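Could you put together the complete structure from these sequences and hints?
Everything in the sequence shown is counted per my numbering, starting at 34 for the first residue and increasing by one.
Keep in mind the hints are simulated off the structure, nothing from the lab. Each hint should be verified, as a subset may be incorrect.
Listed next, with one range per pair, are the computed distances between beta-carbon atoms [said to hold, decoys possible]:
1. M125 x D216: 37 to 43 Å
2. D117 x K210: 33 to 39 Å
3. T249 x K152: 23 to 29 Å
4. N247 x E110: 41 to 47 Å
5. E91 x L237: 18 to 24 Å
6. I56 x D184: 15 to 21 Å
7. I56 x L87: 30 to 36 Å
8. E222 x K57: 18 to 24 Å
9. K57 x D216: 24 to 30 Å
10. K194 x E91: 28 to 34 Å
11. N240 x D155: 19 to 25 Å
12. E224 x D204: 20 to 26 Å
13. P137 x I116: 24 to 30 Å
14. I56 x T249: 35 to 41 Å
Here the structure is a predicted model, which means the values were calculated and not measured. Where a beta carbon is used, it is the ideal one built from N, C-alpha and C, also for glycine.
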Amino acid sequence: MNMYEVILNNQEYLKLTEKIEKIKFITNGKWDWEHGLGHYQRVASYMKTILEQLDADERTIELGMVVALLHDIGLSESGPNKIDHALISSKMFRKFLKDTDITPSEEAMIEHAIKDHSKGLDIHSLIDLALVLADKLDVTYHRTINSSIQDNLNKEFQKIKKVEIEITNQDLIVKYKVEGNFDFSVVKEWEKMITIPKKAASYLKKNCIFMVNNETVNPFDE
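Spelled out as structure tokens, the structure:
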């Protein structure tokens with residue numbers, strides 16, 4: 034059983050994610066997005082895709098999927114305002130890896146990635162890069178469909194049915210598959226949707242491209 038499966042079979046972890054799922058997370062009184070196990074597993078899937086495209090080895094991919102499961106667990110203690118949840122998560126994760134073969138250096142890598150995942154201010158590994166990017170790619174309807182505050186931003190996010198990431202020799206491409214009349218300018222109100230992929234592309238020395246239903250959009254000039 035690999036580390037990812039060990040965590041998903043840990044009853045304490047599952048109870049903790051259930052606790053988080055019951056909290057309404059209000060950010061500046063504006064929206065409350067889903068932050069439970071579904072989010073963690075989607076981020077893990079993005080991590081796998083990103084790291085595979087960056088030619089990471091199997092161990093790095095496994096660590097990436099593990100960090101995805103653990104990156105927000107501090108929300109169980111930080112409360113609905115998400116105060117310092119990344120820092121709290123970076124101090125909590127080790128207890129869920131006790132029965133694994135993780136090394137001290139890998140623990141340190143995971144700790145740093147979790148601590149930095151909200152803003153990506155100190156990226157210096159593929160794990161750091163993949164986590165901050167994967168977390169911001171999870172902007173589909175899953176996260177806002179049950180929000181208690183249905184503002185224009187949340188309604189636009191619910192039109193996003195799928196997000197794909199493609200990394201080529203020259204480009205980092207974020208592809209949104211949407212339904213209905215999608216207003217990309219409204220979505221840009223959550224600026225991390227734009228700034229984080231751009232930061233990741235810059236780190237990789239690649240162009241950053243956004244596409245909606247196979248058509249390129251340019252948020253940088255608007």
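Evaluated hints:
| no. | hint | verdict |
| --- | --- | --- |
| 1 | M125 x D216: 37 to 43 Å | holds (38 Å) |
| 2 | D117 x K210: 33 to 39 Å | holds (34 Å) |
| 3 | T249 x K152: 23 to 29 Å | holds (27 Å) |
| 4 | N247 x E110: 41 to 47 Å | holds (43 Å) |
| 5 | E91 x L237: 18 to 24 Å | holds (21 Å) |
| 6 | I56 x D184: 15 to 21 Å | holds (19 Å) |
| 7 | I56 x L87: 30 to 36 Å | holds (33 Å) |
| 8 | E222 x K57: 18 to 24 Å | holds (20 Å) |
| 9 | K57 x D216: 24 to 30 Å | holds (26 Å) |
| 10 | K194 x E91: 28 to 34 Å | holds (30 Å) |
| 11 | N240 x D155: 19 to 25 Å | holds (23 Å) |
| 12 | E224 x D204: 20 to 26 Å | holds (21 Å) |
| 13 | P137 x I116: 24 to 30 Å | holds (29 Å) |
| 14 | I56 x T249: 35 to 41 Å | holds (38 Å) |
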